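Undergrad: In the order they appear, the protein sequences are chains C and A.
Residue 170 in my numbering sits at position 170 of the first sequence, and the numbers go up by one each step.
Residue 684 in my numbering sits at position 402 of the second sequence, and the numbers go up by one each step.
Keep in mind that the hints were calculated from the coordinates and are not lab data.
As the structure is a prediction and not an experimental result, all values here were calculated from the model.
Among the clues, some could well be false.
What the hints assert, rightly or not - With a straight-line cut-off of 27 Å between C-alpha atoms, the simulated DSSO-like cross-links for lysine-lysine are: (1) A:Lys495 - C:Lys119; (2) A:Lys495 - A:Lys654; (3) C:Lys83 - C:Lys104; (4) A:Lys654 - A:Lys670; (5) C:Lys259 - A:Lys732; (6) A:Lys495 - C:Lys259; (7) A:Lys373 - C:Lys83; (8) A:Lys373 - A:Lys732; (9) C:Lys119 - A:Lys670; (10) C:Lys59 - A:Lys670.
Each chain, letter by letter, is given below.
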Amino acid sequence: MIQKIKINKIIGFLGLLALTLSFNSCEQFELPEAGSMADLTPPTASFAASLNGDYLTYKFDNLSASATDYVWDYGDGHTSTDKNGANIYAGEGTYTVTLTASDKLGVSSTYSETIEVVKPPVPVVLLPEILEAGFEDYTLENGTGDGRDSWRTSLGEIMQITSSPVYEGVQAAKFPSDGTRIAYQELEVSANADYVLTYYYTMKTSPAGLITVSVLGGALTDLANAASQTIASYVGTDQTDDSTYVQVDLPFNSGNNTKVAIYVRNESVECRLDAFSIRVAD
Amino acid sequence: MKQIQIITLLVLGMLISSCGEDYLDPAPVSSIGSNGFYTSESEIEAAVLNIYDGLQLAVQREFALVEMRSDNSKTRSSEGDWAQFETLNVKSTNTTVADYWALYYNVIFRANTVLEHLDAAGNSIDQFEGEAKFARALSYFNLVRLYGDVPLIDKVIGPTDTDYFDRDATVDVYALIVNDLKTAVANLDNTYKGRASKAAAQALLAKVYLTLKNYGDAQDLLEDVIAGSSALPSFSSVFYTELNSEIIFAIEYTNDAADDSQDFSIEFTQDGRVRGLNYATPELITAFNTFGGAIRTTTSIIYDDVSTKPVTPDPLQDYKCGKFVYNSTANNLNGNDWIVLRMADVLLMHVEAILAGSDVTSSSSAIASFKKVRDRAGITSPITSITKQELLDERRVELAFENQRWFDLIRFGVAESVLGTFATDNGIVFSASDLLLPIPQREIGVSFGKLTQNPGY
């Protein structure tokens, strides 16, 4: 019995000794990093810059991977340690934004992007030029000399020219009473901009009739579509005096069009038209 | 004797087997299976109406995902899973998020079922195709905006069609949405408001285009819808006269009908199961005081206390949603329609299309549309230009509680800054990954490893 205990004790002692030795042997022979794994996913820094408010206010969405700590340098002296960056620049300029992303092993990655802070230009409304606006001959460069070159369309017969009465210059457009003649011209405009089209008209005192000036959205390819394409129109019916021109200011909004067309037609009475002009509304 | 028995048995066997086809496989008269149904125009129409039945279920908890998750509303009690939304701390196990996903995929399934059986639709084939595609587009538009890449399922699938289980790129989802809505615009007329119409498809497609920054096409569609509209009704009758002239598309409910009533109206009050959801945040009340005007403020938010009502709404007190107050006999069988698209939304989208991503516009047609909305609200101060911020504020007070705010913030590109400020002011942690909801964990669990989670969850 006693012997058994002794043997057990001896075995226990030997076991402990072996264990201690084995620990020691580890320290002696094992290399410090053996058995541990290399960091297979070191941090990669990345971000996307975008405007966030006015042109001076930027936000930077952090797209880094495997990182825990971030240092932002916005290039204007401002810094941050937030995950997502944001900065308000003092003024225009070129700035290099740098993100340093690091993990708890001390490994870091750096990513830089250059941003240009520029004040957006105030959108300029395009002011179109109406060609041969007064129907005068030889006013169109490289034209035939006829003051109606710019007003022709294959959709109908061109209006006539009159020399008296005119509003200004020596010629005006004339639309005979049968209403068969038309005038048409396309203009390049800014979309959704407000314009005022100004022109002068007069008509014979009888019979009753009218002259319609329409602004159409887009080019006209079929006279039947004129009504549905009309953005704005004015029907002139002032027959008080056949030689006094009446001014018309026709305001219109170009809508979702970068091209509009002026389209003139008359009904029943001989009419005259002169001196088109266009301006951007205030 | 034995031979006779065998012969008799044989003859008997032949007799039984010859009549077997009809006798052993009769068409069930008390229940309907999908294999024998969808054979006539009226049966396809039943399937079409079933889509709207699906929408009735799906839209009811949408407010939690888009209003309570924005700076517009919150729970009254700030407790439980419902409070995950207002703290921008939604978990992938949230049942409301999971149900929303499942219910909208169910609507898509119902729409795909109709599209699969269109051959039997007779003269109504175009109409039914348009309605099904409108509903499918609406569902995908909601899903893709809330969850990001989602599985694109354009036919009826079964549990083993695992090829359809993985996520498709948003650009592909939007391609289907645009195609579906183009078909709907071409096929539908303006007969209904409680079912899909041409105007509804146009307005929805315009919203899709605005989301995709295709402003020109959006403007054309919106001008079409505006041209066909009549004068705006008073602000309160928009919500309390069902299918009024302002409504373009609404999901209809009726009072006290177990199959056709909703219960979001009661959940918007203290009598709801969680003692009040979708209550106005202090920020929303302040917005009403600043931009709303008296007409919209008194209709939209209701003081939720028995004590004397403050003269000016007090941001620190409880105000509940005033737009869907129920008058049903049964508390939880409410009949207020859910408005999906209405004219004020269209008019303000028109301004957005003309603004075209810039900061300010002074276009007279934009101002005309903007003024119609403000005039009705009793705000008549003259305007000469509209900034992006003014448009966003106007949409907030005009369309509060109508599930627009979250999507507006994203579409205007200001979600991160607005929600970031909101989070800081309220001690909430917000990160850019909160802009997408988590893919429901239970969907990931049954997807055979095909569905992946959104970042940050």
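Undergrad: Each hint should be assessed against the structure and marked as holding or not.
TA: Tested hints:
1. For the given pair, lysine 495 (chain A) sits about 22 Å from lysine 119 (chain C) by alpha-carbon distance, which is consistent with the 27 Å threshold.
2. A C-alpha spacing of about 24 Å is found between lysine 495 (chain A) and lysine 654 (chain A), which places the hinted pair at or below 27 Å, so the restraint holds.
3. Simply put, lysine 83 (chain C) and lysine 104 (chain C) have alpha-carbon atoms about 15 Å apart, close enough for the 27 Å limit, and the pair holds.
4. Our distance criterion of 27 Å between C-alpha atoms is met by lysine 654 (chain A) and lysine 670 (chain A), whose separation comes to about 17 Å.
5. Between lysine 259 (chain C) and lysine 732 (chain A) the CA atoms are separated by roughly 50 Å; this puts the pair beyond 27 Å, and the hint is violated.
6. Taking the CA atoms of lysine 495 (chain A) and lysine 259 (chain C), the gap is near 22 Å; set against the 27 Å cutoff, the hint holds.
7. Our distance criterion of 27 Å between C-alpha atoms is met by lysine 373 (chain A) and lysine 83 (chain C), whose separation comes to about 21 Å.
8. In summary, the hint linking lysine 373 (chain A) to lysine 732 (chain A) is supported, as the alpha carbons are separated by about 20 Å, within the 27 Å threshold.
9. A C-alpha spacing of about 17 Å is found between lysine 119 (chain C) and lysine 670 (chain A), which places the hinted pair at or below 27 Å, so the restraint holds.
10. A hinted pair counts as satisfied when its Cα atoms are at most 27 Å apart, and lysine 59 (chain C) with lysine 670 (chain A) qualifies at roughly 18 Å.
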